[in-house]
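Chemist: The lines below spell out each chain.
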Amino acid sequence: MTKAKGKIPPVVTLNYSKGDLIIKEGDYGISIYEIISGKVGIFVKSGGTETSVAVLGPGMIVGEMAFIAGNTRPRSASARALENCCLAVWHPAMLLDDYKKMPDILRLITGQALKLIVRMNKRVVELSLKQELSKDGQTRELSDQWTEERKFFRKMVRLECVFRPVNSPKNLKFLAQIRDISKGGLQMTVKTSGLLNYTLDSGDELFISTYFTSDQKVNMTAKIVRIQKEKTGDTISLGMVFTHLDPDDRRRLGFFLMP
Amino acid sequence: MTVNSQVLGYVVSEESYSDKAVIVKEGSVGDWVYVILKGRVKIKKQTSGGLLTIDTLSEGNFVGEMAMLKQSNSTRTAWAVADGPVVLGVLDSVRLLQEWESQPARIKKLISNLIQNLERSTQKAADMIEALR
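Keeping their order, the protein sequence lines are chains S and P.
According to our numbering, the stretch in the first sequence is residues 1 to 259, in order.
According to our numbering, the stretch in the second sequence is residues 260 to 392, in order.
Chain P extracted, bound-state conformation:
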């Protein structure tokens, strides 16, 4: 997957991470949103048995968008860890947030609901993997 040119217009800086470097920490507060320019990022959830990989994202995928869109708080819902060397584009969060905030209420409700569902499904998958261990 290539990075959409519209998305590239939002990139204000680039950050490089080496293998296994932590990009986002579950439970921390933050509202940076990234797009993966190069490489892969593992999404992990904290469990009693340690960190559990539940998904892997690649070029063109967004990282950290959930905290911005879920509308309850901006706590990070999962870990994002570099899987090999990774280059991330940091998106203009002020512009992005402004555009998000200016959406009609129903649209915001629809999308934040979708994000909450994703959070829930991810949590459920993590719980089940843990239970199966």
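The following block holds chain S by itself, in its conformation from the complex:
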């Protein structure tokens, strides 16, 4: 899985506001959510429209399908807070051992249920498109009051990384520490004494590589948007936004950021 073995992250409780996207269809995500309070809508996209396939309430689980599918496929539907919601987030590592130990027959039955749901949801989407067409001859547009961006969480970390300015020699390597990271960018601290005679300015683009897990190297390209002097000595803090991430690296980041 994506996390270091042997360490199971604790259950995290998160609050979402009405309209927030909890899971985005097509994204890679591994978290499983238990609804503590509020209502969550499940939507499947088709063409330009989004069809509601279910409304779930307290005590119900959201996002379990990706887990049952072995976290090899993207999310098959979106989940959206229909009102202010409180969700408990389970990391799949909490379930994986138990799931693996389950008798084969129960896993097969579960796998069949998953296949049938996907098939049934597809039918519901097809039928709802037909219904819309028969009603007013046109399909419904995506509701624009809703955000299309999944709510992402900034993760506080201490990740050692190496970086170099984009137009510098390839063998150049500076050290830094990433302090927090989100889907859009990161913040890292650098000791200016280690920068030789290079200077860093707002607008500079950097290649950054780090490891999210011991064997998973991630490369990112990001632009400096903010430079701040830290209180302690010669350390500066760089606020950066990503300018390029390969799809694989974007996926790894997505996994890494899952609460």
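Simulated from the structure, these hints should not be mistaken for lab results.
Treat the hints with care, as some may be off.
Cβ pair distances, simulated, as ranges [stated by the list, open to error]:
no. : chain 1 : residue 1 : chain 2 : residue 2 : range
1   : P       : S317      : S       : K130      : 24 to 30 Å
2   : P       : G309      : S       : K122      : 20 to 26 Å
3   : P       : G309      : S       : Q216      : 51 to 57 Å
4   : S       : R119      : P       : L356      : 23 to 29 Å
5   : S       : N171      : P       : E358      : 56 to 62 Å
6   : S       : V55       : P       : G309      : 23 to 29 Å
7   : S       : G26       : P       : A280      : 40 to 46 Å
8   : P       : G319      : S       : L172      : 31 to 37 Å
9   : S       : M94       : P       : G268      : 26 to 32 Å
10  : P       : A280      : S       : V55       : 34 to 40 Å
11  : P       : V288      : S       : V157      : 52 to 58 Å
Once the Cα atoms are required to be at most 25 Å apart in a straight line, the calculated DSS-like pairs of lysine-lysine come out as [said to hold, decoys possible]:
no. : chain 1 : residue 1 : chain 2 : residue 2
12  : P       : K297      : S       : K115
13  : S       : K100      : P       : K368
14  : S       : K115      : S       : K100
15  : P       : K297      : S       : K101
Computed footprint of chain S on chain P; a stretch qualifies when at least three of its residues, placed anywhere within it, have a C-beta under 8 Å from a C-beta of chain S [stated by the list, open to error]:
no. : segment
16  : 274-280
17  : 333-346
18  : 371-377
19  : 383-392
Because the structure is a prediction, the values reported are computed rather than measured.
Think of the CB as a built atom: it goes at the ideal place given N, C-alpha and C, for glycine as much as any other residue.
Fit chain P to the supplied structure of chain S, relying on the hints for placement.
Modeler: Relative to chain S, chain P alone:
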């Protein structure tokens, strides 16, 4: 699809059904779980316009597992009707139920939730087919 050998280990008896014979009746109470050994089974929902086929299952698929796993009650959620001659394996429900009951709470919650979602999606599909008529 062939029937998994592990699953065959649970089969305690075989039942044969002729075309259109009712295997499971929606709304009835029962906890037999079957695996299809031969043939196809249509899954139908009761609507005001009669029975509506919403899915077709084939060899290796389970029938009747939802009532066991949904954890609320063991009411059958849909009709299962033979589509041509069918041979079903009746699974050892005592063993199956025991194994299910001994699963950790989170796993049970996850799976029963999945089954409820399937029930909901199936109902929704049936409602929509009915509305389109």
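Chemist: Next, verify each hint and record whether it holds.
Modeler: Tested hints:
For the hinted restraint 24 to 30 Å between P:S317 and S:K130, the CB-CB distance of approximately 26 Å keeps it satisfied. Hint check: P:G309 to S:K122, Cβ distance near 24 Å, so the stated range 20 to 26 Å holds. Checked against the given bound of 51 to 57 Å, the beta carbons of P:G309 and S:Q216, roughly 56 Å apart, stay inside it. A hinted range of 23 to 29 Å holds for the C-beta pair S:R119 and P:L356, which are about 27 Å apart.
In this structure, S:N171 and P:E358 meet the distance hint of 56 to 62 Å, their C-beta atoms being roughly 59 Å apart. Against the hinted window of 23 to 29 Å, the Cβ-Cβ separation of S:V55 and P:G309 comes to about 28 Å, which satisfies the hint. Checked against the given bound of 40 to 46 Å, the beta carbons of S:G26 and P:A280, roughly 43 Å apart, stay inside it. Between P:G319 and S:L172, the C-beta spacing of about 58 Å breaks the proposed range 31 to 37 Å.
Between S:M94 and P:G268 the beta carbons are some 30 Å apart, a value that agrees with the proposed interval 26 to 32 Å. For the pair P:A280 and S:V55, the supplied restraint of 34 to 40 Å holds, since their beta-carbon distance comes to about 36 Å. Taking the beta carbon of each, P:V288 and S:V157 are about 54 Å apart, inside 52 to 58 Å as hinted. Between P:K297 and S:K115, the direct Cα distance comes to roughly 20 Å. Compliance with the 25 Å bound is thereby established for this hinted pair.
For a cut-off of 25 Å, the pair hint linking S:K100 to P:K368 stands: about 16 Å separates their Cα positions. Note on S:K115 and S:K100: the hinted pairing holds, with a Cα-Cα distance of about 19 Å set against a maximum of 25 Å. Distance check on the hinted pair: P:K297 and S:K101 sit about 29 Å apart at the alpha-carbon level, beyond 25 Å; violated. Coverage of the segment 274-280 of chain P by chain S is violated. Counting CB-CB distances below 8 Å, 0 residues qualify, and the rule asks for three or more.
Here the segment 333-346 of chain P counts 0 residues with a CB under 8 Å from a CB of chain S, which misses the bar of 3, and the coverage is violated. Beta-carbon proximity to chain S at under 8 Å applies to 6 residues in the segment 371-377 of chain P; the threshold of 3 is reached and the given coverage holds. With 6 residues carrying a beta carbon less than 8 Å from a beta carbon of chain S, the segment 383-392 of chain P meets the three-residue requirement, and the given coverage holds.
Violated hints for the displayed structure, listed by number in ascending order: 8, 15, 16, 17.
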